[in-house]
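Student: So the sequence shown is numbered by this note's numbering: it starts at 3 and just counts up by one.
Worth flagging that the hints you see were computed from the coordinates, not collected in a lab.
Among the clues, some could well be false.
[To be verified] In silico DSS-like pairs for lysine-lysine, Cα to Cα no more than 25 Å straight-line:
id: 1; residue 1: Lys80; residue 2: Lys18
id: 2; residue 1: Lys10; residue 2: Lys80
id: 3; residue 1: Lys26; residue 2: Lys80
id: 4; residue 1: Lys12; residue 2: Lys80
id: 5; residue 1: Lys20; residue 2: Lys80
id: 6; residue 1: Lys10; residue 2: Lys20
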Amino acid sequence: MARIIDSKEKNMIGEKLKQLRREKNLSQQQLSERLETLAIYVCRGSISRIEDRSRTVTDIELYGLSQVLSVPIEEFFKQ
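Could you put together the complete structure from these sequences and hints?
Tutor: The structure is reproduced here in structure tokens:
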């Protein structure tokens, strides 16, 4: 089995993040700014790369995303 860092897809949550962000009517920039209020610095471009699954996501970033989007972490892994 290939490790995730060896594949083109670097995370499992990108598509769900995009869906949840759009449901909350947030732009990538707005999401970035809200993360910053939690002292989690993810620029708009990095959010784009997370959504297209070309960037990994740290645990602290995942926590911040769940807080900003008001969803439990488990929600990011649902189909």
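Student: Compare the structure with each hint and give your call.
Tutor: Evaluated hints:
| no. | hint | result |
| --- | --- | --- |
| 1 | Lys80 <-> Lys18 | holds, 8 Å |
| 2 | Lys10 <-> Lys80 | holds, 21 Å |
| 3 | Lys26 <-> Lys80 | holds, 17 Å |
| 4 | Lys12 <-> Lys80 | holds, 17 Å |
| 5 | Lys20 <-> Lys80 | holds, 13 Å |
| 6 | Lys10 <-> Lys20 | holds, 18 Å |
Checked against the numbered hints given earlier, the structure satisfies every one of them.
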